[in-house]
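**Q** Given next are the chains, with one letter for each unit.
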Amino acid sequence: MKIEGTYVISAPRDVVWRHLMNPEVLARSLPGCEKLVPNSDGSYHAELKISIAAVKGSYRGRVEILDPTPPERYRMKVQGQGTNGFVKGEGTLTLSDDGAAVTNISYSGDASVGGVIASVGQRLIHAAAHQLANHFFQELSRQVQASQVA
Amino acid sequence: MIPEPFEYHVAHSLEEASRLVAQFGSDGKILAGGHSLVPLMKFRLAAPKYLVDISRLGDLKYIREDGERIEIGALTTHYEVESSELLKAKCPLLPETAAEIGDVQVRNRGTIGGSISHADPAGDWPAPILALDADIKAVSTRGERWIAVRDLFVELLTTALAGDEILTAIRVPALGVRSGSAYSKLHHPASGYAMVGVAAVISLDEQGNITKASVGITGVGPKAYRATAVEEGLQGKPASVKRLAEASAHAAEAIEVNSDLYASAEYRTHLATVYTRRALERSIERAGHAA
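In order, the protein sequence lines correspond to chains R and Z. Residue numbers 2 to 151, in my numbering, belong to the letters of the first sequence in order. Residue numbers -12 to 278, in my numbering, belong to the letters of the second sequence in order.
FYI, nobody ran anything at the bench for these hints, they're computed from the structure. Do not take every clue at face value.
[To be verified] Below, a list of computed lysine-lysine pairs in the DSSO-like style, where the Cα atoms sit at most 30 Å apart:
#1 Lys57(R) - Lys36(Z)
#2 Lys36(R) - Lys29(Z)
#3 Lys29(Z) - Lys50(R)
#4 Lys36(Z) - Lys50(R)
#5 Lys29(Z) - Lys57(R)
#6 Lys124(Z) - Lys57(R)
[As the list claims (entries may be wrong)] Chain R is nowhere near these chain Z residues, computed Cβ spacing over 12 Å in every case:
#7 Glu3
#8 Gly45
#9 Lys48
#10 Val91
The beta-carbon is built from N, C-alpha and C at its ideal position, and this holds for glycine as well.
Whole structure, please, built from the sequences with the hints as guidance.
**A** What follows is the structure, given as structure tokens:
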């Protein structure tokens, strides 16, 4: 399935970029992230406990940040296995300035989801993916704003 | 599949239910008719450690008039709403919607309160209660409050109910004079869920102009919503065929339209406009026949 969307953060682009590349910030922003540790090859091992209301699932997998072009774009590859399904995805994150102090983030990717969540929960996946992406950017934005005040 | 193991508690009073719900916190879920929760548990998409069964609380099963409004207890089944003579007379949108829910078995067991608090993005109830500007009663050990339905649906499967609150009643206005309502739904052929479901309530003046238009839509986005873009195109205008078509074109405006195996976002957007137009047409026709 295609996942795409945009998000606006009121901060300069290089500040947003730095936060996006910071594994501690990512760990706090990824919904339900309990662990994000670097592997020896530069990728990350991630463990997430995702919940949307009563629907909960634990996932563990691999996140790779590829072809970073600061402060403009990077590609991300994700692969995860969980209690009720598995997910594989690849996408691009693009940052652009909208004035000196506003950054437009646009994301676009393809994900395949399989397992119970994909069969039984199929009609909910698109909305869930968007919601999780929004929560990620909301939390990222919060951290960016907090760092700006400090 | 069978659910993961859980502890099952029966509440014998609303007070006991509130206490148990507060005690179990996010590890607990309320069980009423079970037709939203139990399928999730059987697929192990949800695995609450504790279930609080409130289905024995007979005091929460009622439909009664309260001045110009009707109050419905949360444990009222979809079938009881569907067959209520009081509602058919005073608020026909609700029995009409109830008749479209799932199938006979679901309508006999499922409850209006349970269904609303589950907030499935394709569940039927949110559409008419949004169109009616209903109020929802929420009770907890901390007290009780009424929540306006426009504040109720927050995001996917999530309502404004706090973790320890129990939805106990729904309060709706009686249909006014020169008013009509309709629920227009495309059923998914297997699950019966709404691919799109549109509830409309229209009031006309003596010249046939639309004085009030409310449109609630489910099945289209991550949560049910009021189609304000449609309503704005109708307010104060004559109820012409052209006007309805133009207004209906905005049915999915500014909504993150769902896309799944059964309908792409483009197709679903199109469905929203068609079913909105149908719901509006029927509402206006019924408003015209009302005294």
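**Q** Are the hints correct? Go through all of them and say.
**A** Do the hints match the structure? See the list:
no.	hint	verdict
1	Lys57(R) - Lys36(Z)	12 Å, holds
2	Lys36(R) - Lys29(Z)	29 Å, holds
3	Lys29(Z) - Lys50(R)	20 Å, holds
4	Lys36(Z) - Lys50(R)	16 Å, holds
5	Lys29(Z) - Lys57(R)	13 Å, holds
6	Lys124(Z) - Lys57(R)	27 Å, holds
7	Glu3	22 Å, holds
8	Gly45	26 Å, holds
9	Lys48	24 Å, holds
10	Val91	22 Å, holds
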